[in-house]
Amino acid sequence: DAKTTQPNSMESNEEEPVHLPCNHSTISGTDYIHWYRQLPSQGPEYVIHGLTSNVNNRMASLAIAEDRKSSTLILHRATLRDAAVYYCILRDSFYNQGGKLIFGQGTELSVKP
Amino acid sequence: NAGVTQTPKFQVLKTGQSMTLQCAQDMNHEYMSWYRQDPGMGLRLIHYSVGAGITDQGEVPNGYNVSRSTTEDFPLRLLSAAPSQTSVYFCASSYGGGGEKLFFGSGTQLSVL
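Line order of the protein sequences matches chains U and D. For the first sequence, this note's numbering gives the first residue as 1, with consecutive numbering after it. For the second sequence, this note's numbering gives the first residue as 1, with consecutive numbering after it.
Wrong hints could be hidden among the right ones.
Unchecked claim - Calculated from the model, a selection of chain D residues having no Cβ within reach of chain U, i.e. all distances over 12 Å: (1) K14; (2) D26; (3) N28; (4) Y31; (5) E59; (6) G63; (7) S67; (8) T70; (9) S84; (10) Q85; (11) L113.
What the hints assert, rightly or not - Stretch-level coverage of chain D by chain U, calculated; a stretch enters the list once three of its residues show a Cβ under 8 Å from a Cβ in chain U: (12) 37 to 43; (13) 90 to 104.
I should point out that these hints are in silico values taken from the structure, not numbers from a laboratory. Glycine included, C-beta positions come from ideal geometry on N, C-alpha and C.
Excised from the complex, chain U in its bound form (with noise of 0.2 Å):
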């Protein structure tokens, strides 16, 4: 299965951009790249996914390098309720495959007021 690896942790000021890295190296072709993040005591809820081109959505960006073997999420204006832990995750699109998810210990993001 192939795994992710990001920062334990990081700071930002809120209302600055904030990039959270992901290195994923051993990608296959059919490996969709997702990001969850969870909040304090709650469950993980979607942010964003993408395959090869970068994907913009109302909550982020997700940047995907050309070789596909890293990912940058980005928060454009960080506020208090981004403070949370995010996870970068790869999805295959194989049948069985796709509901094997492995998460990793994911990025602690902090926003200071």
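Based on the hints, put chain D in the right spot on chain U.
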């Protein structure tokens, strides 16, 4: 929509007792999975299912059983609870694999004394 519903929210067991954690989704999702999260750790996959009648093991399956008789429900059974199974349990579902996003329940806090 209710989304992914987990019951109970809290449970205390004595060592050796058995119980079933319930997970139900009303989104007609084929994929469902169970994770456990120990304090300060990421999520670890216990069991997953890619459709009714189909289940498979994840990273930490020992001590847990699952079955998937309907699309909507995916119960997790602890056969003989042990203190090492004290954790927060999350259920998740998705329409498919690959680029389909996961929806998580709010979790069950289980303590085994």
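Results of checking the hints against the structure:
The claim that K14(D) lies off the interface holds: its Cβ sits roughly 25 Å from the closest Cβ of chain U, which is beyond the 12 Å cut-off. The claim that D26(D) lies off the interface holds: its Cβ sits roughly 16 Å from the closest Cβ of chain U, which is beyond the 12 Å cut-off. At roughly 16 Å from the closest C-beta of chain U, the C-beta of N28(D) stays outside 12 Å, upholding its exclusion from the interface. With a closest Cβ-Cβ approach of about 5 Å to chain U, Y31(D) is found to fall inside the 12 Å limit, against its non-interface label.
The beta carbon of E59(D) sits about 7 Å from the closest Cβ of chain U, which is not more than 12 Å, so the claim that it is off the interface is violated. In this structure G63(D) is separated from chain U by more than 12 Å, as the shortest Cβ-Cβ distance comes to about 19 Å. At the 12 Å boundary, the C-beta of S67(D) stays outside the reach of chain U, the nearest C-beta of that chain being 15 Å off. Distance to chain U confirms T70(D) as a non-interface residue, since its nearest Cβ pair spans about 17 Å, more than 12 Å.
Distance to chain U confirms S84(D) as a non-interface residue, since its nearest Cβ pair spans about 19 Å, more than 12 Å. At the 12 Å boundary, the C-beta of Q85(D) stays outside the reach of chain U, the nearest C-beta of that chain being 18 Å off. Remark: the non-interface label on L113(D) is consistent with the geometry, its nearest Cβ contact in chain U lying 22 Å away (cut-off 12 Å). Look at the segment 37 to 43 of chain D against chain U: 3 of its residues bring a Cβ nearer than 8 Å to a Cβ of that chain, three or more, so the hint holds.
Counting residues of the segment 90 to 104 of chain D whose CB falls under 8 Å from any CB of chain U gives 11; the rule of at least 3 is met.
In summary, the numbered hints that this structure violates are 4, 5.
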